[in-house]
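Participant: Sequence:
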Amino acid sequence: MVGAMPVNLIPKFFNGAMESHNGDDCESQVFIGSRVKCNEDFGTVKYIGEVQGYKGIWYGVEWDNAERGKHDGFVEDVQYFKTTKPGAGSFVRPNKIAPFTTCAEAIRRYYGDREDETVAAHRRTVINEWKREMGAPFIEMVGFEKIHQKQKFDRLQEVCVHDQNISRAGDVAALCPNVRSLDVSQNLFSNWREIIELSAQLPLKEIDVSKNRMAIDIPEETLEQLSIHFASLEKINISVCDYEWSDVLALSHLWPKINEIIAAYNRITIINPPAVTLRTLTILRLDGNPIESWCEVINLGLKNLKVLSLNDCCIEEIRFKDTKPDAKASVFENLEVLFLNRNKIKDWRSISELNKLKSLKKLYFLKNPIQYEEDYDTGSQLIIAKIGNLQELNGSCITRELRRGSEYDYMKRYGAEWKKGDEQFHFEHCRFQELIDKYGVPDDSLLVKQNKDTTLTSQLLEITIKDENGKILKKKFPSTMAVQKLVTLAQRLFSKGKTGTPFLYIQDDQMHSDVIMDNVMKDLAFFSIKNGDTILNLQPENVKYAYLAIVMGNCWGLFRRRNMRRHIVLILIGLDNAGKTETVNNLAGEKDDKVLPTVGFKAVNLIHKDTPVTIYDLGGGPQFREIWCQYYSEVHGVIFVIDSSDFSRLDECKTVLEEVLSHDKISGKPVLILANKQDKSGALDDIDVVEKLNIEPLVN
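Here the sequence shown stands for residues 1 to 700, numbered as in full-length UniProt numbering.
Because the hints were derived from the structure by calculation, they are not lab data. C-beta atoms are modelled at their ideal positions from N, C-alpha and C, and glycine is treated no differently. You can trust all of the hints, since none of them are fake.
As a list, the in silico DSS-like pairs of lysine-lysine whose alpha-carbon atoms are at most 27 Å apart:
id, residue 1, residue 2
1, Lys522, Lys474
2, Lys346, Lys358
3, Lys257, Lys362
4, Lys321, Lys420
5, Lys420, Lys324
6, Lys677, Lys692
7, Lys361, Lys346
8, Lys96, Lys46
9, Lys530, Lys412
10, Lys211, Lys257
11, Lys358, Lys321
12, Lys362, Lys692
Label-pair distances were calculated between CB atoms; the ranges are:
id, residue 1, residue 2, range
13, Asn334, Lys205, 18 to 26 Å
14, Asn394, Lys692, 19 to 27 Å
15, Val441, Arg319, 25 to 33 Å
16, Lys205, Glu244, 23 to 31 Å
17, Pro612, Tyr376, 42 to 50 Å
18, Asp375, Lys205, 39 to 47 Å
All chains should be built: construct the whole structure from the sequences, respecting the hints.
Facilitator: Pasting the structure below:
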């Protein structure tokens, strides 16, 4: 026990902390509570002395791996020590214990021997040049190596000395005073005094002390005094240290500005809210702790917490019992990321409850029992529909189209049950009324009938598939069939001898709009395909122009429904050399390999569905961008072309796109962003384009 020790007496208290240790005096360093290593097994010394009937000194050790032990501290009816786990103890000779070392010595040994050959060769070259210039071939650079070694250790900012038999700190300040990140995991520290000594010598921002079973034998008031030595610490890893939550709270007095704690695979079961500590904590990882009750998780409080990881924690259900179904919980107000992989969650209501977390944006939810009831895609759609603010699920971005489709399917699946007016329904489906307000009451004809008499025939849709050459196939398909199977069929029927995947989109003549079937993993119902719909099959080389045609068609459908005149006007804009002119020429059927950039503007007239279309191809140079806005009020839609292979101009492109979308005359008009030059090596794909140009926040 340390007692209430003045902070300035720490170096004196840790007697011998600066000394190097080796196997010769290893025996003198071992005391009751010492951590030791024998071969690859770690343990704690519980007894030092003689054993009746055996000569010499023995160490009685309780091993971390109980299978390494042989007894409970009993030998021939004499109990020398007690173990916390049955059969985890045994006796070993002192010479079988691995020799101890200090952190300073481990760093010197581990990093000092790793001379960079490139640097060494360069240094030899410089010295030889000096010798030639000075005309002194036999000159020796005395002390050069020592200076280099000193400079090398001074430059160290990240140090890892994992599993080096370290038991003491040593004089690390004199060796490498600039270390900011230190990994001393899986060593032989027996208590927190040496960790405090390390932090007192270094300006640490993060430290990893995992897999060190260290006793906490310092009073709370003393820990508060010693917190001055952790003033810059932001992140700590105390995983696999055999701690309970009360131990974490006790240690938290050392970390006044802690931002992230990793305390995975300990013995945390019961959680008490921190009284005065952990107020700066934003990331907490408690993976692998046997926390069975969500009530314990709620006890964390932690208003500033943004990331909480609870993988492998045995949680069976999630409930915010004090929060109404359509309200937001008062706890975890800033929680944005939640990990719940490999728990024991068995009910979909638990997912509905997560909608009560008002800031939740990212969820990782894999391998829970409830997910075995559905295939992965269906289960993902249910999660997306049940949690309104979710932007990312299991690392995949949730697009607006995916959310809309998931919510539609969710309403169709549970709409009939909602109409029954069961009071319990609102607890199981917290968002359903919100979706009704958003989309309206689903038509009875769209609702999924939850009965066993539904036959496959009643779910078949008659669809016409047509290719570019007019070839037609009429066939009935189940609404549950994946689009991928339809693509395979189209490839077999229409693409003989051709490579590449066909491109499908739905042609809706009644609504005068087209729908791109851009997710082959979804089923036909996801795209709201109806009986009698026509699906067009295009070859890959014509996909880009199909997108343009679809935009024009959708513009025309929109304007026709608004009883507007039959003349569509579009502008084609983007940076210079993005490929705008080539795009519009190809769309007009004018394929020319020698295309010159547009200077000023160029007008192209087309006919689409018996409707005249004018496309203004505007110059993209800085001097011409100022005139773009003069066309905004007259056009019905915008095509913005980017060169997806030119990384050097992405920032410029992003700025220009922001200016276009923020203009009040563009608001409410369709905008197509065309990622051009996809055939070039290394070109960004559509997902990268969305991310690099920050498109989603711009649109929202």
